[in-house]
Amino acid sequence: SAVISQKPSRDICQRGTSLTIQCQVDSQVTMMFWYRQQPGQSLTLIATANQGSEATYESGFVIDKFPISRPNLTFSTLTVSNMSPEDSSIYLCSVGPTTSYEQYFGPGTRLTVT
Amino acid sequence: KQEVTQIPAALSVPEGENLVLNCSFTDSAIYNLQWFRQDPGKGLTSLLLIQSSQREQTSGRLNASLDKSSGRSTLYIAASQPGDSATYLCAVASPNDYKLSFGAGTTVTVRA
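One line per chain: the protein sequences are B and H, in this order.
Heads up: the first sequence begins at 5 in my numbering, then just goes up one per residue.
Heads up: the second sequence begins at -3 in my numbering, then just goes up one per residue.
Extracted from the complex, chain B is given alone in its bound form (with noise of 0.2 angstroms):
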């Protein structure tokens, strides 16, 4: 199995400005996932990120509003640009699939906009 850990685990911010989340793993890992999950709803997939190449959106999702970097196989960021009251949701980053097929995820951050 793979421990990940999320930081911050939750954060207020204020409409307009940015937040970065990070991810860590405890083992090396080639594939890591950022999803986001609204209020109520289930998780959507914001994009993948491999290490040595450009992270992947998903349809309805930008690199300008959502920048990620994978700098290394254990870590990668995922920011929340120009926030507004939208973007409250809980972010969760995955890795997978590990040696035993399984998909883990991180504790998720959870973040509200005012």
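Some clues are possibly wrong.
[Unchecked claim] Capping the alpha-carbon separation at 30 angstroms, the derived lysine-lysine pairs in DSS-like fashion look like this:
#1 H:Lys38 / H:Lys(-3)
#2 B:Lys11 / H:Lys95
#3 H:Lys95 / H:Lys64
#4 H:Lys95 / H:Lys(-3)
#5 H:Lys38 / B:Lys69
#6 H:Lys(-3) / H:Lys64
#7 H:Lys95 / H:Lys38
#8 H:Lys64 / B:Lys69
#9 H:Lys95 / B:Lys69
#10 B:Lys11 / B:Lys69
#11 B:Lys11 / H:Lys64
[What the hints assert, rightly or not] Residues from chain H that face chain B, not an exhaustive set, calculated with beta carbons under 10 angstroms:
#12 Gln2
#13 Thr41
#14 Leu45
#15 Leu96
#16 Ser97
Derived by calculation from the structure, the hints in this document are not laboratory data.
Beta carbons are placed, not taken as given, at the ideal position from N, Cα and C, and that holds for glycine.
With chain B fixed as given, assemble chain H onto it according to the hints.
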């Protein structure tokens, strides 16, 4: 595009009853299917994973089946306990890029 549906959306049962959670998906070309548990305000805990070539997977009181041809999976939880109260999410992995497509979840309440 893969669409994943979970029925029912919510379920309330007395302690000791067996739980049956359903998941359906539209594209049978999958890498695997994973069941997760999510407690309020928390991240996801992986419960069971079924590879595309498997029909069933068991862990303790949990049993998950997969019928890939009909696009269905069922999660059974035997002898439910109040601690089983949570939201259960079904996710299907794409065989090409391992991206997960999630259902909306089933929120389970087990009454003591």
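Results of checking the hints against the structure:
Between Lys38 (chain H) and Lys(-3) (chain H) the CA atoms are separated by roughly 28 angstroms; this keeps the pair inside 30 angstroms, and the hint holds. About 23 angstroms separates the Cα atoms of Lys11 (chain B) and Lys95 (chain H), which keeps this hinted pair within 30 angstroms; it holds. Distance restraint check for Lys95 (chain H) and Lys64 (chain H): the Cα-Cα separation of roughly 17 angstroms lies within the 30 angstroms cut-off, and the hinted pair is therefore satisfied. Annotation: proposed proximity of Lys95 (chain H) to Lys(-3) (chain H) holds, straight-line Cα distance about 12 angstroms (limit 30 angstroms).
A hinted pair counts as satisfied when its Cα atoms are at most 30 angstroms apart, and Lys38 (chain H) with Lys69 (chain B) qualifies at roughly 25 angstroms. The straight-line distance between the Cα atoms of Lys(-3) (chain H) and Lys64 (chain H) is roughly 16 angstroms, inside the 30 angstroms bound, and the hint therefore holds. A distance of roughly 21 angstroms separates the Cα atoms of Lys95 (chain H) and Lys38 (chain H); the hinted pair therefore holds under the 30 angstroms criterion. Between Lys64 (chain H) and Lys69 (chain B), the direct Cα distance comes to roughly 37 angstroms. Violation of the 30 angstroms bound is thereby established for this hinted pair.
For the proposed pair Lys95 (chain H) and Lys69 (chain B), the alpha carbon gap of about 21 angstroms is at most 30 angstroms, so the pair holds. Note on Lys11 (chain B) and Lys69 (chain B): the hinted pairing holds, with a Cα-Cα distance of about 19 angstroms set against a maximum of 30 angstroms. With a C-alpha separation of about 38 angstroms, the suggested pairing of Lys11 (chain B) with Lys64 (chain H) is violated against the 30 angstroms cut-off. Contact between Gln2 (chain H) and chain B, as hinted, is supported at the beta carbon level, the nearest pair being about 9 angstroms apart and thus within 10 angstroms.
Against a cut-off of 10 angstroms between C-beta atoms, the interface hint on Thr41 (chain H) holds, since the closest Cβ of chain B lies about 8 angstroms away. Given the 10 angstroms rule on beta carbons, the hint for Leu45 (chain H) holds: about 5 angstroms separates it from the nearest Cβ of chain B. Interface hint status for Leu96 (chain H): upheld, as the beta-carbon distance to the closest one in chain B is roughly 6 angstroms, under 10 angstroms. This hint holds: Ser97 (chain H) has a C-beta 8 angstroms from the nearest C-beta of chain B, less than the 10 angstroms allowed.
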